[in-house]
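**Q** Each chain, letter by letter, is given below.
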Amino acid sequence: MNPREPMPTEPALEYLDATRSRDGRLVLAGVSLVIEPGALVALLGANGAGKSTLLAMAAGVLAPEAGSVRVFGRDPLRAARDLRCRVGWLPDPVPLYPELRVREQLAASARLRGLAAGAATRAAEAAIDRVGLAALANRLCGQLSRGESQRVGIAQAIAHGPELLLLDEPSAGLDPMQQARLADLLAGLRGAMTIVHATHHLIEAAIADRIVILDRGRIARDAARAELPDAEAIGHALVTVALAPAAEAA
Amino acid sequence: MSTVLAVARLELARQFASLSGWGLLAVLAALHAWWFLAGLDGWIELADRLAARPDAPGIGDLVVAPFLAGVGSSLLVAAPLVAMRAIAGEVRARSLPWLLASSGSDGAVVVGKWLAASSMLALVVAIAIGMTLTLAAGTGLDLARIAVSALGLVLLAAALAALAVLASAWVRQSPAAAMLALALGVLLWIADAQARARGETEGLIQWIAIPGHLQPFLRGVIDTSAIAYFALFTVTCLVLATWRVAAIRSEG
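First to last, the sequence lines map onto chains Z and U. Going left to right, the first sequence walks through residues 1 to 250 as our numbering numbers them. Going left to right, the second sequence walks through residues 1 to 252 as our numbering numbers them.
To spell it out: a stretch of chain Z is covered by chain U in this simulated footprint if at least three of its residues, at any positions, have a beta carbon under 8 Å from a beta carbon of chain U; those stretches are:
id : region
1  : 54 to 67
2  : 78 to 87
3  : 106 to 115
The hints are simulated quantities; they were obtained by calculation from the structure and are not laboratory data. A quick note: this is a predicted structure, and the numbers were derived from the prediction, not measured. Beta carbons are placed, not taken as given, at the ideal position from N, Cα and C, and that holds for glycine.
The task is simple: from the sequences and hints, build the whole structure.
**A** And the structure:
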């Protein structure tokens, strides 16, 4: 079997009672979530709700203190070397080296993810075209604006052709036009890869097939697109989740 | 191995994309050229008197060996400067988790960073060796001895680079990492100074100290116990650095 082909019966990403704390504070409290291949999932929630921690676990950086995480049926920490070419991750902040030019950065990233030198160069050029970075390709990463860095970060995450794309606030720093282009890009990638993106932008979240709202390390709402069809409905759900503890206390 | 090379290539690209890498190479080359020419000047002044003595030491003993010993000691300063940001810089820029996830291995990142730093230092050694080889145009040189000296210096460079990467993994500020690596390197360089002054040549402190392991190479002797020392030193530092990086990653 080609190792890059996911088994059709296997979830792309699976959390089972995943628990993690940081500095004595519970960041994730027994999160269970199954994401099927090809899905486009938006993670929403206030700052500190646990979105970035969920993504970092799937990226193979953090281990759950209890419970488990599986990426294509495998432990992302133990199988990190095998999974690195199948997973793309845009963390926050965007990891760019200021001394490198954009195309050097993208090629280096693709090489790290396991592509051979020639293939990495071609992959970098393809990512530059796909994300519309031609005008920035020879600029130093250290000279980019926040929005430009974010776009290079997205190109970096997709350059090696991952099957699972993890985006942590990809629209941070983007102007409305760039946000619209990002939404188009994500919509264009739909089906070609599984996408999980953490965001605060309701319009960006509205293109997802599934919306997961986290609140203080727990899943407060897990809804299909039909249940929350537009930004207004998502916003209402977010406010309801945010107000729920206060209402319970009252 | 391809991941290690990818990390090393990225690190070298970063070094040479900035002025700091070229600047460090230029400063070291200039410093070494000055030492070399000063040594050569001294030898030319003595040449007539040395020619009258049948048992006089040659240019290899009077110019090349002291010069290469000086190059070795300059690596004590160069290694921390080359490798100080290897891990500390990634931690400070918050790019270490991405690098670890991209490479899929803590060890590959550490070894790749070490390989890049060692390559930079090997280039410094190669430039210095090139200076000594220019003497072949006017005098007979013991090329085998120079080759063995180069081997010793490269082993020393690899060990000091590993020490600097370890310091960089342990301390979160690059300048502090450089200071720590320099302090540890100097300590290991002078550890046996008192014992040497007393004429003692064997003991634990002499085995720990670095200079005693470099000297045989500068005399043209391939000392397997010295090779084992440098290999053990390097591997120990890299294992500790990998362990530290894993700890940083698991802290989140």
